[in-house]
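Novice: Here the protein sequences come in this chain order: A and B. The numbers in the numbering used here rise by one with no breaks, and the one at position 15 of the first sequence is 15. The numbers in the numbering used here rise by one with no breaks, and the one at position 296 of the second sequence is 296.
These aren't lab readings, by the way, just hints derived from the structure by calculation. Just so we're clear, the structure is a prediction, and the values are computed from it rather than from any experiment. Check each hint, because a few of them may be wrong.
Examples of chain B residues lying across from chain A (beta carbon under 7 Å, computed) [said to hold, decoys possible]: (1) ASN51; (2) PRO65; (3) GLU66; (4) ASN149; (5) GLY152; (6) ASN196; (7) ARG197; (8) VAL200; (9) MET387; (10) ILE388.
Computed beta-carbon distance windows for the label pairs [said to hold, decoys possible]: (11) ASN106(A) to LYS59(B): 26 to 34 Å; (12) SER89(A) to ILE245(B): 37 to 45 Å; (13) SER59(A) to TYR206(B): 26 to 34 Å; (14) ARG342(B) to PRO57(A): 38 to 46 Å; (15) ARG342(B) to THR33(A): 22 to 30 Å; (16) ASP356(B) to LYS47(A): 37 to 45 Å.
Cβ coordinates follow ideal geometry from the N, Cα and C atoms, glycine included.
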Amino acid sequence: MDKIITCINCPVGCRMTVQLSDEGVFLSAAGNTCPRGAKYAEQECTKPLRMITAVIPVSGSSRPLSVKTSAPVPKDRIREIMRVLAEVSVDTPVAAGDIIVRNILNSGADIVATRNL
Amino acid sequence: MTDCYTDILIIGAGPAGLAAAIAAKEQGIDSIVVLERESEPGGILRQCIHNGFGLHRFKEELTGPEYAQRDILRADELGIPLECGTTVLSVSADRTVTCVSSEKGFRKIKAGAVILAMGCRERPRGALCTPGTRCAGIYSAGTAQRFVNLEGFMPGKRVVILGSGDIGLIMARRMSLQSAEVLACVEIMPYSSGLNRNIVQCLEDYGIPLYLSHTVTDIRGRERLTGVTIAKVDEKRNPVPGTEIDFECDTLLLSCGLIPENELSLTAGVELSAATSGPVVSNTLETSVPGIFACGNVLHVHDLVDHVSEESARAGRAAAEYVQHGHSGGRFVPVADGPGVRGTVPQKVLPNSGEDLHLMFRPTDVFRSACAVVECGGREIIRKKAMIFTPGEMAEVTVRKELLDNLSDAGIIVRIEGEKQNG
Numbered sequence: 001m002d003k004i005i006t007c008i009n010c011p012v013g014c015r016m017t018v019q020l021s022d023e024g025v026f027l028s029a030a031g032n033t034c035p036r037g038a039k040y041a042e043q044e045c046t047k048p049l050r051m052i053t054a055v056i057p058v059s060g061s062s063r064p065l066s067v068k069t070s071a072p073v074p075k076d077r078i079r080e081i082m083r084v085l086a087e088v089s090v091d092t093p094v095a096a097g098d099i100i101v102r103n104i105l106n107s108g109a110d111i112v113a114t115r116n117l
Numbered sequence: 001m002t003d004c005y006t007d008i009l010i011i012g013a014g015p016a017g018l019a020a021a022i023a024a025k026e027q028g029i030d031s032i033v034v035l036e037r038e039s040e041p042g043g044i045l046r047q048c049i050h051n052g053f054g055l056h057r058f059k060e061e062l063t064g065p066e067y068a069q070r071d072i073l074r075a076d077e078l079g080i081p082l083e084c085g086t087t088v089l090s091v092s093a094d095r096t097v098t099c100v101s102s103e104k105g106f107r108k109i110k111a112g113a114v115i116l117a118m119g120c121r122e123r124p125r126g127a128l129c130t131p132g133t134r135c136a137g138i139y140s141a142g143t144a145q146r147f148v149n150l151e152g153f154m155p156g157k158r159v160v161i162l163g164s165g166d167i168g169l170i171m172a173r174r175m176s177l178q179s180a181e182v183l184a185c186v187e188i189m190p191y192s193s194g195l196n197r198n199i200v201q202c203l204e205d206y207g208i209p210l211y212l213s214h215t216v217t218d219i220r221g222r223e224r225l226t227g228v229t230i231a232k233v234d235e236k237r238n239p240v241p242g243t244e245i246d247f248e249c250d251t252l253l254l255s256c257g258l259i260p261e262n263e264l265s266l267t268a269g270v271e272l273s274a275a276t277s278g279p280v281v282s283n284t285l286e287t288s289v290p291g292i293f294a295c296g297n298v299l300h301v302h303d304l305v306d307h308v309s310e311e312s313a314r315a316g317r318a319a320a321e322y323v324q325h326g327h328s329g330g331r332f333v334p335v336a337d338g339p340g341v342r343g344t345v346p347q348k349v350l351p352n353s354g355e356d357l358h359l360m361f362r363p364t365d366v367f368r369s370a371c372a373v374v375e376c377g378g379r380e381i382i383r384k385k386a387m388i389f390t391p392g393e394m395a396e397v398t399v400r401k402e403l404l405d406n407l408s409d410a411g412i413i414v415r416i417e418g419e420k421q422n423g
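Extracted from the complex, chain A is given alone in its bound form:
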């Protein structure tokens, strides 16, 4: 099974053709011009990860709190995590670096405040 992806490591943006086995195991990448491309292709085709940043409402404040995941999380869990964040309630004061949700949905990542409020 072939998959075409664009490398994001640099502005060249190599278009890579990635070969995957029927079970979805990474076999090879072609079209990359440097080794970082192959590494990215393997990661992206087997376990794509993303940082999530978002804003959540804060009781007692008209302004929302900006937050991030403490580490990248699997891409296919973004929606689920956002649904949890929509229900989270936070009180002021909050400081940048405070953990808002520990180990969200057992992803291994915390939700951390990125500003003081």
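Keeping the supplied structure of chain A fixed, place chain B upon it in accordance with the hints.
Specialist: Quick look at chain B alone, frame taken from chain A:
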């Protein structure tokens, strides 16, 4: 009437103003004031809650507020006063700054040196020649970003984005994550000026189609926007009849370029460059008015805040040098854009200044396997190879100070040598 004096006055407490203030203070200037229009320092970074900032400078990926916080803390440690809620009304050529705030009222402050760090503005709808009605629901992408990330409300539910600059792409993802539906991102050029990372992670991840070589040809709605029509454009960017696609939407975001905000610079008589829309500066980032310096997005629009901080620190040091030792003066050598290059900063150089020269410019087109070449008086002094040059990424070439001795009056020319890629 002058109310007070300060050695260095900085306009804007965004990343540029903060970096300039910190550098000037570290250079031994005690009397520094930073004036900021908003209620908090940090500038546009406050609303850029996504991550990816600081990779060059801190070797880690920070969110915008986190990046700003590092400079704000440093400025605090150094005891630099950041006067927020203060709007500058004008700057005169003798460096008297007129400003107003609710706390201190109307003031005139005389400064030994002024650093312009006001940042940039988004190109508004009026500058885009868009057709259709003047209904509500049309925002610049940065305005929408402010609403969502700082003020906590969503500007709409069904969104089309015109322009594929990075802010537009980032907002496509933000609106999707905060449960709006983003129907399309429409770009008039045959390529996006946004980073590949943003195309992949902000559009492809959310299944948002990118229409290249398309533009908005109709905007409908009496009070609130009800829909837009897009169409393909030909090589001359004229719409091609028969290629129209209609979208029902309540929101149109415009991400069509940034323009340095130089209204205040003009009050001081600072000369602006047609290529960058920012001040014409020398290698010390001094404008055409002695003692007035410029840095960050007010000088020319950057892609990375890391570069803004680096450039602004140089402006801060140069302003400190000016206050401590006065004008160095001398004969400037011009720097000109050659083929393939637009908006080189600085526009003039003082030879034998004893510092390396950082030339920054934008490629006019996409060039693959090309070289940036710096020439002086017909003699090539630098040749820098790159896999790719694109208009979306500012290019930089550093000329070591040894190469700047005995520069010819003919000046420096920067050009790109290589094959243009079409489409």
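Novice: Is it true that ARG342(B) and PRO57(A) lie within 38 to 46 Å of each other by Cβ?
Specialist: For ARG342(B) and PRO57(A) the Cβ distance comes to about 44 Å; the hint holds.
Novice: Please verify that hint: ASN149(B), Cβ, nearest Cβ of chain A, below 7 Å or not.
Specialist: This interface hint holds because 5 Å falls under the 7 Å limit.
Novice: So the hint says 26 to 34 Å: do the beta-carbon atoms of ASN106(A) and LYS59(B) match that?
Specialist: holds (30 Å)
Novice: With respect to the beta-carbon atoms only, verify the hint that SER59(A) and TYR206(B) lie 26 to 34 Å apart.
Specialist: At roughly 29 Å between Cβ atoms, TYR206(B) and SER59(A) fall inside 26 to 34 Å, so the hint holds.
Novice: Can you let me know if the beta-carbon spacing of ASP356(B) and LYS47(A) is within 37 to 45 Å?
Specialist: Taking Cβ atoms as reference, ASP356(B) and LYS47(A) lie about 43 Å apart, which means the hint holds.
Novice: Per the CB criterion, is GLU66(B) less than 7 Å away from chain A?
Specialist: holds (5 Å)
Novice: Take the shortest C-beta to C-beta distance between PRO65(B) and chain A; is it under 7 Å?
Specialist: Because about 4 Å separates PRO65(B) from the closest Cβ in chain A, which is inside the 7 Å limit, the hint holds.
Novice: Does the interface hint hold: is ARG197(B) within less than 7 Å of chain A, judged Cβ to Cβ?
Specialist: With Cβ-Cβ at 4 Å, under 7 Å, it holds.
Novice: Against the range 37 to 45 Å, how does the distance between the Cβ atoms of SER89(A) and ILE245(B) compare: consistent or not?
Specialist: holds (42 Å)
Novice: Quick check on GLY152(B) please, does its C-beta sit within 7 Å of some C-beta on chain A?
Specialist: Holds, about 4 Å.
Novice: Taking the Cβ atom of ARG342(B) and the Cβ atom of THR33(A), is their distance within the range 22 to 30 Å?
Specialist: holds (26 Å)
Novice: Given VAL200(B) was flagged as interface, is its beta-carbon under 7 Å from a beta-carbon of chain A?
Specialist: holds (5 Å)
Hint check: no violations occur; every hint is consistent with the structure.
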